[in-house]
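Given next are the chains, with one letter for each unit.
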Amino acid sequence: MNKSGSRSTSSLPPEPVEIIRSKSCCRRVRLNVGGLPHEVLWRTLDRLPRTRLGRLRDCNTHSALMEICDDYNLEDNEYFFDRHPGAFTSILNFYRTGKLHMMEEMCALSFSQELDYWGIDEIYLESCCQARYHQKKEQMNEELKREADNLKEREGEEFDNTCCAEKRKKLWDLLEKPSSSVAAKILAIISILFIVLSTIALSLNTLPELQETDEFGQTTDNPKLAHVEAVCIAWFTMEYLLRFLSSPNKWKFFKGPLNVIDLLAILPYYVTIFLTESNKSVLQFQNVRRVVQIFRIMRILRILKLARHSTGLQSLGFTLRRSYNELGLLILFLAMGIMIFSSLVFFAEKDEEDTKFKSIPASFWWATITMTTVGYGDIYPKTLLGKIVGGLCCIAGVLVIALPIPIIVNNFSEFYKEQKRQEKAIKRREALERAKRNGSIVSMNMKDAFARSVELMDVVIEKDGESIGRKEKLQDNHLSPNRWKWTPKHAVLETNSNKSFNASEHCSPSKIRTSSPQHLNVQKLEEMYNKMAKTQSQPNLNTKDRGSSSKGSKQRDEIEMGSMPGNTTREGTVDMKSQSSIDSYISCATDFPESTRFSHSPVACLPGRLMANPGLQTTLELEPMLVPISAGRPAGHGSVQEFSSNPEGSRHGLFSDSPRGLRFSNPLKAHSFKVNFRGGEAGTSSSMQMGAAPLSESSAYSDRSLLSPEVSIYNTASSKTPPKSPESMSMTPAIFTFHDTSINKYIDADTDDEDHLQDGSDSSPSKRLLDNMSPKFSVSSGFQRGTNHLEMSQRMLGQNCMFPLEGRAGSGQENHVAQGRRVAPGERGRTNTFDESL
Amino acid sequence: MWTNPRDRHGDCNDSESSEEKKILVNIGGVKQVLSSYLLSRYPETRLAELASCSSKSLDYISCLCDDYDPVNGEFYFDRDPETFKCIVDVYYNGEIHMKHGACPICFKKELEFWRVDPEYLDECCKTHLNEMEDELAEIAAKVKLILDDLNSDPSLSRWQKSKIFLWKLMEKPESSLQARVIAILSFLFILISSVVMCMGTIPELQVEDAEGNPVEHPTLEVIETACICWFTVEYLLRLISSPNKLHFVLSFMNIIDFMAIIPFYVVLTLTSLGTAMMELANVQQAVQALRIMRIARIFKLARHSSGLQTLTYALKRSFKELGLLLLYMGIGIFVFSALGYTMEQSHPENMFSSIPQSFWWAIITMTTVGYGDIYPKTTLGRCNAAISFLCGVIAIALPIHPIINNFVIFYNKQKVLETAAKHELELLALQANEDALKKSSRKVHKTGGVLAVWDGPMRASNSDTHLLLQEEPAQGTPLRNSVDSSTQL
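Quick note, the sequences are listed as chains B and L, same order. Note that the numbering used here has the first sequence beginning at 4, numbered continuously upward. Note that the numbering used here has the second sequence beginning at -19, numbered continuously upward.
These are calculated hints, taken from the structure and not from any lab test. Heads up, a few of these hints could be off.
With the Cβ distance kept under 10 angstroms, some of the chain L side facing chain B (calculated, not the full set) [stated by the list, open to error]:
no.	residue
1	Asp58
2	His80
3	Cys209
4	Trp210
5	Thr212
6	Val213
7	Tyr215
8	Ala282
9	Leu397
With a straight-line cut-off of 20 angstroms between C-alpha atoms, the simulated PhoX-like cross-links for lysine-lysine are [stated by the list, open to error]:
no.	chain 1	residue 1	chain 2	residue 2
10	L	Lys402	B	Lys140
11	L	Lys11	B	Lys139
12	L	Lys152	L	Lys225
13	B	Lys253	B	Lys172
14	L	Lys122	L	Lys11
15	L	Lys393	B	Lys139
16	B	Lys140	B	Lys420
17	L	Lys143	B	Lys139
18	B	Lys188	B	Lys420
19	B	Lys140	L	Lys393
20	B	Lys253	B	Lys180
21	L	Lys141	L	Lys152
22	B	Lys255	B	Lys173
23	L	Lys79	B	Lys140
24	B	Lys420	B	Lys148
Here are the computed distance ranges between Cβ atoms for each label pair [as the list claims (entries may be wrong)]:
no.	chain 1	residue 1	chain 2	residue 2	range
25	L	Arg297	B	Gln138	19 to 25 angstroms
26	L	Asp128	B	Asn252	48 to 54 angstroms
27	B	Lys155	L	Lys402	28 to 34 angstroms
28	B	Ile195	L	Thr348	46 to 52 angstroms
29	B	Gly331	L	Leu125	54 to 60 angstroms
30	L	Ala269	B	Lys258	54 to 60 angstroms
31	L	Val315	B	Glu212	48 to 54 angstroms
32	B	Leu319	L	Lys402	51 to 57 angstroms
33	L	Arg138	B	Gln138	42 to 48 angstroms
34	B	Glu107	L	Lys402	20 to 26 angstroms
35	L	Ile272	B	Gly331	24 to 30 angstroms
36	L	Lys300	B	Val274	56 to 62 angstroms
This one's a predicted model, so the numbers in the text were calculated from it and none came from an experiment. Think of the CB as a built atom: it goes at the ideal place given N, C-alpha and C, for glycine as much as any other residue.
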């Protein structure tokens, strides 16, 4: 970093003339991608003029260059890109040879992310790698889709619009989520017992010894067993009704396959009672009886109720649904085999005396029994020819059945594995809940991630810097919750702990200036916030509650504060990457270790090391999206709050103890969170809502962005990410508060599970992403934009925000400036003046 | 000049022989020192030529390498350094090992650039490469097939055009709505005729003819005739429209089609003419024998199901394993039937009358079907039976696994091929678009086609598959044509 440092100490961006001269003096260019140096001819890069590297040649101004690369050094003719070096090798090869191949061990998702960044369409991928790439991607999409569905399901569980929502929610949890509490677990077990009991009663009923005859001489149920049956049905009915009443979405509940089964298990009983009671005296009793018999058969359906309590059964159902193609194949094979062999054996056997192969349909039975190797022996061939056919039939049957089954088995095992992982994640999640103080739950926008990945990655990187700026603008709009979280933090920091504030001064001199201007208006926000929260948040309390090590924790706070802006400046420029970079929540989660790595203090270093695990953990937990929204939301608040009032760890703990109070106390926040959760389309509206409170500008921006066609193009073409970035951001604060409060606890609670998860192959993508640099950017840029948003809202502040960073020595300086320009194009003019004033 | 040689080879070279002439190469940013003595081991390679000609003119050097720095004497190559590290091994070890994870096709291209014979690739990596190439060839074949479908040469006569139209209608259900309808109709006819064939044998539905023999119901006969008519028309239309008649007649699916039709006509001729030539009984027997051949029509379903085609393909490919299966079964049957026969001799009510008789028992036991028409009664015989079905399970399970494997591989490959072919077509279309764009806006150089920038031999093969496609004699596809014509501009 020395060489870039030398450049930045001059504090003046080089003149375009210099840049042009340096470019023209050498035929080659050095590209440093993530530390790996490459040397390439300019001519090679010109082959793809519309990609990122192709545009590098045409950039003659400092800002244009900074849009494309992360850093550059004119003396060495070197351009630095903070990207994954492994993927870049294949990408650079594309320039050299015109063939885009993919490293075999490369994760397809991460590779597509890289392609996005470098502005290369994935369609150029060679056929040999394409198949693998697409397969992997489709698989991932499927997974994401399922999670999105899951999320949608959770999302439906909102109890806010009707009366006694609280009770209903509790009831719902009790009945639907056996893992939510001990009582719920007991209820589930009782339910299983009832199912088993009723099935046993159903079977016992048919024993002739236990049956009794009624006045017509017909056998009827044993009265004792009938009582058992009645009790069971009463239980089922009650269960069903309670579920129905407590369900947040009645129609969806009614439609759910498991609930349909429940209904079918109950209904026959009532229909039977109705029929027998209404027709007792009528003559057509026999007919009624027959109908009743049919309904009795339907009682068997209750055994399927067990599916509710068994993951294995559910995955079986899912597998069958998913592999109906293969099942069809199996049936087709069997049908053809039966057809052929039955006709063959018919022709072979038909001249035999008293043969049982009277016709081809009659010998179907024989063929079926033989091909499935059941072999009852009621029909068997007797002639030599028939026996030969029979032998062939046996072998063919074995073959034909065996062939498509592995595919189905594969589907099943895949799904089962996934299910298991989700269960584990739920467990982990509960462990996390127990560690209440860090109720740091990350809301991830699954739907959006899905939508994003479904898109054909059609990266059109325009040369127009302005349009990029606009894209940023769009992102800003989505960032409002972020800002919301950020603002109070600063405020609290200042109002509460002057000591720490002072301490932060020596840590990073710029810090103080960053926060001080915010302090002015953020205070207002903080007041508002406090009013809403209506909680007695004594700032002093927190230092007390923090225990004996109040000083230490404060110091940690400072470190956080110091390190965060540090990250930003360091990686400020990378902002652009986050647009193109990616969908996956996985990558988002892996940020943590990356960002902690940048914290300069030894205290933060220790958590940093530990953090690598929690980061991974969070990922895995997120993936299945089993975080119940009901639980997730309060937890989310927790994180929000904790973040907003960082030093007030204890207060936060208080909050998460009473999630209910929290939910009601700050509805606005709850709302913002919800919106966030809902996804991209709501992103703008959320920003509008948020914007309404402290600033109306953002809404104006969003309006504009909605209107402008360019932005919409971007939306579809390349970056679906913007709405997600705020979330990735919301994750960061969570993790930051993490290590200062009770990391040890957290780790104690979770490392066990996590080790398992790490062992599993599931964790490999996220692991891989650990060394992928890209995710980190989304975090830092998120922060960056967050502040910039602030800056937009508070006009004056924007510059203030940047000046302190200006004072900072090191590589990030210009980056940040450039970043500022890009991020806040609305203030482009002002930033320019800022540049000039320098 | 010789500062920091980054490679270990460079190091050892330095110490080895200092008087040796050395050249400094820079491969995409990674510098390496190579001794020309080592390089000259393979004189046909690019590096060897470079080493030998370093004194010659700059022009010559610059056509060998991408850039030459006369101050440092550094030759710059704009290639992948990672791959080069593997390739340079040939000078030291005489063999090349592919870097793990690298795409073999990509590696092969690099080898071509360095003019290193792919023969130097080690055996383990070569198989990998071959597999990949096979797959590419398959993709290319598939793409070609699809492209051929798109083919509509305007120079053709009307008759030829209609022929092609007919061919598409009959053979490519996905080409148009009508073709799809025809395919579905055909499928239905197959089903109906199969059902009718089965129904015809039910005694209740049969009627007696003049001599008292049961014959098929007249309505069924009518339906049967209608179906056969349809099949015949279908077959004839296909035959007429097929581009290669002999190939058509000899192909497997069409033989089945033929077999499904012909018995009907043979029976028809036999019944009408046969009585004059042969005795009635013989005719009837012949008719009966021919009726069995009607079963062939069930195989016609294979035309409409890719799963069935995969099955046949997998079975064809795993011929050896099938033979193994039969061999195991045969040995098992022979051994256990003989054992069963001998052991059952002591029992008075012996069911195993002879060894060939007990073959049947052995088959039924080994495949775990177990009809129960023949079963052992002595203790020894029962032990033998227990062992025989255990052995049967193993004998079936062992060779069946590779067969299943083959099937699954083909099944999955089918999908992969489909996506790959689709992608290839997309790429072709894109290329055509780009070329058109380039043509229209030739002045603005920068906005030219992305793919149109690799010049020379590179240009001719934008995709590896295209190369294969081009090598094939028939390249007169519309897309290809447009692409080619625009390249020549």
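Each hint, compared with the structure:
1. A distance limit of 10 angstroms between C-beta atoms decides the matter here; for Asp58 (chain L) the minimum to chain B is near 5 angstroms, and the interface restraint holds.
2. Here the hint on His80 (chain L) is kept, as its CB sits about 8 angstroms from the closest CB of chain B, short of 10 angstroms.
3. About 22 angstroms separates the beta-carbon of Cys209 (chain L) from the nearest beta-carbon of chain B, more than 10 angstroms, and the hint is not met.
4. Evaluation of the Trp210 (chain L) hint against chain B yields a violated restraint, the C-beta minimum of about 19 angstroms exceeding 10 angstroms.
5. The criterion of a C-beta within 10 angstroms of any C-beta in chain B is not met by Thr212 (chain L), whose closest approach is roughly 21 angstroms, and the hint is violated.
6. The beta carbon of Val213 (chain L) comes no nearer than 24 angstroms to any beta carbon in chain B, farther than 10 angstroms, and the hint placing it at the interface is violated.
7. Taken as an interface hint, Tyr215 (chain L) does not check out: its beta carbon lies about 21 angstroms from the nearest beta carbon of chain B, beyond 10 angstroms.
8. Because the closest C-beta pair between Ala282 (chain L) and chain B is about 9 angstroms apart, less than 10 angstroms, the hint holds.
9. For Leu397 (chain L), the interface hint holds, since its Cβ comes within 10 angstroms of a Cβ in chain B; the closest pair sits about 8 angstroms apart.
10. Among the hinted pairs, Lys402 (chain L) with Lys140 (chain B) is consistent with the structure: their alpha-carbon atoms are about 16 angstroms apart, no more than 20 angstroms.
11. For the given pair, Lys11 (chain L) sits about 36 angstroms from Lys139 (chain B) by alpha-carbon distance, which is inconsistent with the 20 angstroms threshold.
12. Restraint check for Lys152 (chain L) and Lys225 (chain L): the C-alpha separation of about 17 angstroms stays at or below 20 angstroms, so the hint holds.
13. Taken as a hint, the Lys253 (chain B) and Lys172 (chain B) pair is honoured in the structure, with Cα atoms around 14 angstroms apart against an allowance of 20 angstroms.
14. Restraint check for Lys122 (chain L) and Lys11 (chain L): not satisfied, since their Cα atoms lie roughly 43 angstroms apart, outside the 20 angstroms limit.
15. A C-alpha spacing of about 14 angstroms is found between Lys393 (chain L) and Lys139 (chain B), which places the hinted pair at or below 20 angstroms, so the restraint holds.
16. A hinted pair counts as satisfied when its Cα atoms are at most 20 angstroms apart, and Lys140 (chain B) with Lys420 (chain B) qualifies at roughly 19 angstroms.
17. In summary, the hint linking Lys143 (chain L) to Lys139 (chain B) is not supported, as the alpha carbons are separated by about 42 angstroms, beyond the 20 angstroms threshold.
18. A C-alpha spacing of about 23 angstroms is found between Lys188 (chain B) and Lys420 (chain B), which places the hinted pair above 20 angstroms, so the restraint is violated.
19. Distance restraint check for Lys140 (chain B) and Lys393 (chain L): the Cα-Cα separation of roughly 17 angstroms lies within the 20 angstroms cut-off, and the hinted pair is therefore satisfied.
20. The suggested pairing of Lys253 (chain B) with Lys180 (chain B) holds, with an alpha-carbon distance near 17 angstroms, which does not exceed 20 angstroms.
21. Between Lys141 (chain L) and Lys152 (chain L) the CA atoms are separated by roughly 16 angstroms; this keeps the pair inside 20 angstroms, and the hint holds.
22. With a C-alpha separation of about 19 angstroms, the suggested pair Lys255 (chain B) and Lys173 (chain B) falls inside the 20 angstroms cut-off, and the hint holds.
23. For the proposed pair Lys79 (chain L) and Lys140 (chain B), the alpha carbon gap of about 24 angstroms is over 20 angstroms, so the pair is violated.
24. At roughly 17 angstroms between alpha-carbon atoms, Lys420 (chain B) and Lys148 (chain B) fall within 20 angstroms of each other, so this suggested pair holds.
25. At about 22 angstroms, the beta-carbon gap between Arg297 (chain L) and Gln138 (chain B) stays in the expected band of 19 to 25 angstroms.
26. Distance hint check for Asp128 (chain L) and Asn252 (chain B): the Cβ-Cβ separation is about 53 angstroms, which falls inside the suggested range of 48 to 54 angstroms.
27. Between Lys155 (chain B) and Lys402 (chain L) the beta carbons are some 30 angstroms apart, a value that agrees with the proposed interval 28 to 34 angstroms.
28. For the hinted restraint 46 to 52 angstroms between Ile195 (chain B) and Thr348 (chain L), the CB-CB distance of approximately 35 angstroms leaves it violated.
29. In this structure the hint that Gly331 (chain B) and Leu125 (chain L) lie 54 to 60 angstroms apart at CB is violated, the actual value being about 25 angstroms.
30. Distance hint for Ala269 (chain L) and Lys258 (chain B): a CB-CB separation of about 58 angstroms, consistent with the stated range 54 to 60 angstroms.
31. Our hint of 48 to 54 angstroms for Val315 (chain L) and Glu212 (chain B) holds, since their Cβ atoms are close to 49 angstroms apart.
32. Checked against the hint of 51 to 57 angstroms, the C-beta distance between Leu319 (chain B) and Lys402 (chain L) comes to roughly 33 angstroms, which is inconsistent with it.
33. In this structure the hint that Arg138 (chain L) and Gln138 (chain B) lie 42 to 48 angstroms apart at CB holds, the actual value being about 45 angstroms.
34. The given range of 20 to 26 angstroms is respected by Glu107 (chain B) and Lys402 (chain L), whose C-beta atoms sit roughly 22 angstroms from each other.
35. At about 28 angstroms, the CB distance of Ile272 (chain L) to Gly331 (chain B) agrees with the hint of 24 to 30 angstroms.
36. Between Lys300 (chain L) and Val274 (chain B) the beta carbons are some 60 angstroms apart, a value that agrees with the proposed interval 56 to 62 angstroms.
In this structure, the hints that do not hold are numbers 3, 4, 5, 6, 7, 11, 14, 17, 18, 23, 28, 29, 32, in rising order.
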